[in-house]
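Q: Sequence:
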Amino acid sequence: MPLKIVFCGTPAFALPTFRHLLSQPEFQIQGVVTQPDRPRGRGQAMASSPVKDAAVAAGIPVYQPQKIRADEGFEYFRRLAPDVVVIIAYGQIIPQRLIDIPHLGWINLHGSLLPKYRGAAPIHWAVASGETRTGLTTMQIDAGLDTGPLLLKYETKIGPDETSPELYARLAEAGAPLMVETLHGMANGSLTPTPQDNSLATLAPPLKKEDGRIDWSFTAQKIYNRMRGFKPWPGTFSSFRGKICQLWGRPANIGATFPGERTAAGETFPGSLSERGHRLFAACGGSSVLEIESIRIEGKTRMAIRDFLNGARLEAGEGFGE
Numbered sequence: 151m152p153l154k155i156v157f158c159g160t161p162a163f164a165l166p167t168f169r170h171l172l173s174q175p176e177f178q179i180q181g182v183v184t185q186p187d188r189p190r191g192r193g194q195a196m197a198s199s200p201v202k203d204a205a206v207a208a209g210i211p212v213y214q215p216q217k218i219r220a221d222e223g224f225e226y227f228r229r230l231a232p233d234v235v236v237i238i239a240y241g242q243i244i245p246q247r248l249i250d251i252p253h254l255g256w257i258n259l260h261g262s263l264l265p266k267y268r269g270a271a272p273i274h275w276a277v278a279s280g281e282t283r284t285g286l287t288t289m290q291i292d293a294g295l296d297t298g299p300l301l302l303k304y305e306t307k308i309g310p311d312e313t314s315p316e317l318y319a320r321l322a323e324a325g326a327p328l329m330v331e332t333l334h335g336m337a338n339g340s341l342t343p344t345p346q347d348n349s350l351a352t353l354a355p356p357l358k359k360e361d362g363r364i365d366w367s368f369t370a371q372k373i374y375n376r377m378r379g380f381k382p383w384p385g386t387f388s389s390f391r392g393k394i395c396q397l398w399g400r401p402a403n404i405g406a407t408f409p410g411e412r413t414a415a416g417e418t419f420p421g422s423l424s425e426r427g428h429r430l431f432a433a434c435g436g437s438s439v440l441e442i443e444s445i446r447i448e449g450k451t452r453m454a455i456r457d458f459l460n461g462a463r464l465e466a467g468e469g470f471g472e
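Position one of the sequence shown corresponds to residue 151 (my numbering), numbered consecutively onward.
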């Protein structure tokens with residue numbers, strides 16, 4: 151008898167696992183639960199989730215509750231009586247009465263090495279925090295926020311220049327075989343859930359627009375990490391001559407020769423700018439320097455630094471604001 155599964159998920163991160171489970175004869179996906187269609191984009195047209203699109207294409211029934219904790223949600227799961235629920239980035243907290251329905255529980259694929267980076271944006275915050283390793287965890291969920299007992303882990307390096315979208319895609323693909331191994335282990339009784347050590351927990355809250363504002367007192371490496379982590383949204387931004395500008399750059403090794411006024415501690419004022427041979431450098435904390443590689447000023451398209459410098463005509467002492 152195939153293992154009866156209800157699949158809960160919403161974004162593209164869940165797709166490789168969903169498609170892999172569909173291809174395995176030992177699993178039967180009875181239904182898909184995903185977030186309701188939402189207005190998206192500049193035109194705010196209604197759009198369905200990537201998981202819904204994949205389910206419809208595969209002929210799997212789709213359920214989109216506004217609130218999964220409502221009585222209607224309870225009746226949905228009680229009627230299907232799945233052996234297990236696979237949940238990946240679904241987007242709502244699951245109440246205990248739903249968790250209790252499948253005898254193997256609800257198995258979650260989370261984008262970090264739990265208990266580090268519990269929450270909605272573990273991949274973004276791992277990159278933005280300068281982590282060099284991360285991974286995936288499967289766990290049985292409980293009524294808390296990523297606090298359930300652990301099952302299996304997958305660990306990988308984060309490349310020094312890797313961005314969140316790049317890591318997101320890699321981890322999404324790695325999650326499919328990890329989930330299959332987890333389901334096999336749960337079904338045959340070879341996996342024993344292990345409680346998390348809550349003293350080691352860190353949080354990865356939803357990203358906010360303000361997270362992308364550059365603090366020039368940070369080192370250039372820390373700013374670069376946040377550039378990699380907050381790509382594509384909220385990005386990283388500052389202000390120049392009263393206008394918001396989105397920035398991308400990398401640490402540069404010219405700190406000791408950076409011109410300009412210096413603080414009492416001998417550091418160049420954070421955010422101050424220097425032009426050298428059609429290249430643009432910004433002073434950062436710790437006597438470090440960030441080379442600005444591209445810039446997009448509000449109301450304009452992204453431009454190369456040579457074009458920006460030709461138009462801006464930097465004055466002595468100018469810099470980016472916070």
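The hints are simulated quantities; they were obtained by calculation from the structure and are not laboratory data. Backbone N, C-alpha and C define an ideal beta-carbon position, used for all residues, glycine too. Heads up, a few of these hints could be off.
[Said to hold, decoys possible] Listed next, the in silico BS3-like pairs over lysine-lysine satisfying Cα-Cα at most 30 Å (straight line):
(1) K393 - K303
(2) K381 - K359
(3) K266 - K359
(4) K307 - K154
(5) K381 - K450
(6) K358 - K307
(7) K307 - K266
(8) K393 - K381
[Claimed, not checked] Quick list of the computed label-pair ranges, beta carbon to beta carbon:
(9) T344 - Q246: 17 to 23 Å
(10) D457 - I394: 16 to 22 Å
(11) S367 - P299: 36 to 42 Å
(12) A197 - R283: 32 to 38 Å
(13) P343 - T306: 18 to 24 Å
Q: Run every hint past the structure and note whether it holds.
A: Verification of the supplied hints:
| no. | hint | in the structure |
| --- | --- | --- |
| 1 | K393 - K303 | violated, 45 Å |
| 2 | K381 - K359 | holds, 12 Å |
| 3 | K266 - K359 | holds, 23 Å |
| 4 | K307 - K154 | violated, 34 Å |
| 5 | K381 - K450 | holds, 19 Å |
| 6 | K358 - K307 | holds, 26 Å |
| 7 | K307 - K266 | holds, 15 Å |
| 8 | K393 - K381 | holds, 20 Å |
| 9 | T344 - Q246: 17 to 23 Å | holds, 20 Å |
| 10 | D457 - I394: 16 to 22 Å | holds, 18 Å |
| 11 | S367 - P299: 36 to 42 Å | holds, 41 Å |
| 12 | A197 - R283: 32 to 38 Å | holds, 35 Å |
| 13 | P343 - T306: 18 to 24 Å | holds, 23 Å |
Violated hints, in rising order: 1, 4; the structure is consistent with all others.
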